[in-house]
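> Turn these sequences into a full structure, and let the hints steer you where they fit.
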Amino acid sequence: MKRQVMAAVLAAALAGCTVVNSVSVPARGASAEPFVTAGDITEPHEVLGLVQVTRSGVLLFGNFDVVGTDLESGFRQALLPAIKEAGGDGAVRVRYQMTQYTPVARVLGAIFFIFPLPSSVTLTGQVVKLKTATAAP
Amino acid sequence: MKRALLAGALALSLSSCSAVTRGGALSGVPADARGMFLSTGSAPGRYVTLGFVQVRGYGVQVAGYAETGHATLDGPIRGALAAEASRMGGNGVIHIEFLDENPSTDYERAQAVAQSLQNLASGQRGVETKDRYVTVTGEVIRFEGAAR
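Heads up: the protein sequence lines correspond to chains Z and F, in order. Letter by letter, the first sequence follows residues 126 to 262 in my numbering. Letter by letter, the second sequence follows residues 21 to 168 in my numbering.
Derived from the structure by calculation, the hints contain no laboratory data. The C-beta atom is built at its ideal place from N, Cα and C for all residues, glycine as well. Some clues are possibly wrong.
Take a look, some chain F residues computed to stay more than 12 Å from chain Z by CB distance [stated by the list, open to error]:
(1) 46
(2) 73
(3) 84
(4) 111
(5) 135
(6) 138
(7) 143
DEER-style ranges, computed between Cβ atoms [what the hints assert, rightly or not]:
(8) F:144 with Z:174: 54 to 62 Å
(9) F:40 with Z:189: 35 to 43 Å
(10) Z:202 with F:139: 18 to 26 Å
(11) Z:249 with F:151: 23 to 31 Å
(12) Z:154 with F:119: 29 to 37 Å
(13) F:107 with Z:169: 31 to 39 Å
(14) F:146 with Z:254: 55 to 63 Å
(15) Z:191 with F:130: 41 to 49 Å
(16) F:106 with Z:172: 45 to 53 Å
(17) F:107 with Z:245: 24 to 32 Å
Structure representation (structure tokens):
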């Protein structure tokens, strides 16, 4: 058992020391989906309110994200629907944070599978609705 | 014993209890037309948002001072964050936020050195190690046209 753990940890350590997660979002105006930006927008807009979404779950065997607690799920399954529900065209000043485990931790989670790794993703932002240009008299 | 405690308390109060983590300079404005634009602020020009990235760098601090791995500010930002942005088709990352999750104060570093020396002298345990983590997030963009 000890040898297995050491081998797994060594293999995971050799795999790298950096964990990267990313998500692609719809471009503004390119689709009917709400836009998302971490900054501000220059177009006239109305602020509809603030939003925070969180998805929590566990990683089974250290790797299987059953509920969906990564950036992809957080943005596409939680934030975008929340923006639509609020009647917004998009969200600005979006901040996010997800649980990221190193390869070593994931291997240990697979070995000690009776203790699933807790995982979550949280996003916050300000929901806005663009003001359509009024026709000149 | 009482004198030793007082001396320890004095040494602790005189030592710095703040931890400072530094990183190199990111992109200036106007930016170099080539390469990846990296900024904690907004972009100097029109752009399209392609997505978002979160990077967590892991490293180990050995004996209080020697840092191994990627738990630095420069490593995840210029390495994994820029590489992932490039893979997504972007030529910039803006609104970068960073957090050194568990930096060591000078006192903690000195304590780790002293403990390591004591361990080695007694031959019972190895040097002190500490897991280190740095998290970086950013918005991946592509500039419209050549405007930077």
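> Could you tell me whether the CB distance from residue 144 of chain F to residue 174 of chain Z stays inside 54 to 62 Å?
holds (59 Å)
> Can the suggested window of 18 to 26 Å be confirmed for the beta-carbon pair residue 202 of chain Z and residue 139 of chain F?
Given a distance of about 49 Å, which is not inside 18 to 26 Å, the answer is violated.
> Check the following: the C-beta atoms of residue 191 of chain Z and residue 130 of chain F are separated by a distance inside 41 to 49 Å.
Since the Cβ atoms of residue 191 of chain Z and residue 130 of chain F sit about 45 Å apart, the hinted range of 41 to 49 Å holds.
> Given a hinted range of 23 to 31 Å, is it respected by the beta-carbon distance of residue 249 of chain Z and residue 151 of chain F?
Holds, at about 28 Å.
> For the range 35 to 43 Å, tell me whether the beta carbons of residue 40 of chain F and residue 189 of chain Z fit it or not.
holds (39 Å)
> CB of residue 146 of chain F to CB of residue 254 of chain Z, is that within 55 to 63 Å?
holds (60 Å)
> According to the definition I'm using, a residue is off the interface if its beta carbon is farther than 12 Å from all beta carbons of the partner; does residue 46 of chain F meet that for chain Z?
holds (15 Å)
> Find the nearest Cβ of chain Z to the Cβ of residue 138 of chain F and say whether that gap is larger than 12 Å.
holds (27 Å)
> Could you check that no beta carbon of chain Z comes within 12 Å of the beta carbon of residue 111 of chain F?
Per Cβ check, residue 111 of chain F is outside 12 Å of chain Z; nearest 15 Å; holds.
> May I ask you to test the hint 45 to 53 Å on the CB atoms belonging to residue 106 of chain F and residue 172 of chain Z?
Distance hint for residue 106 of chain F, residue 172 of chain Z is violated at roughly 34 Å.
> Quick check for students: does the CB of residue 135 of chain F sit more than 12 Å from each CB in chain Z?
holds (23 Å)
> Given a hinted range of 29 to 37 Å, is it respected by the beta-carbon distance of residue 154 of chain Z and residue 119 of chain F?
holds (33 Å)
Going through the hint list in order, the structure does not satisfy hints 2, 10, 16.
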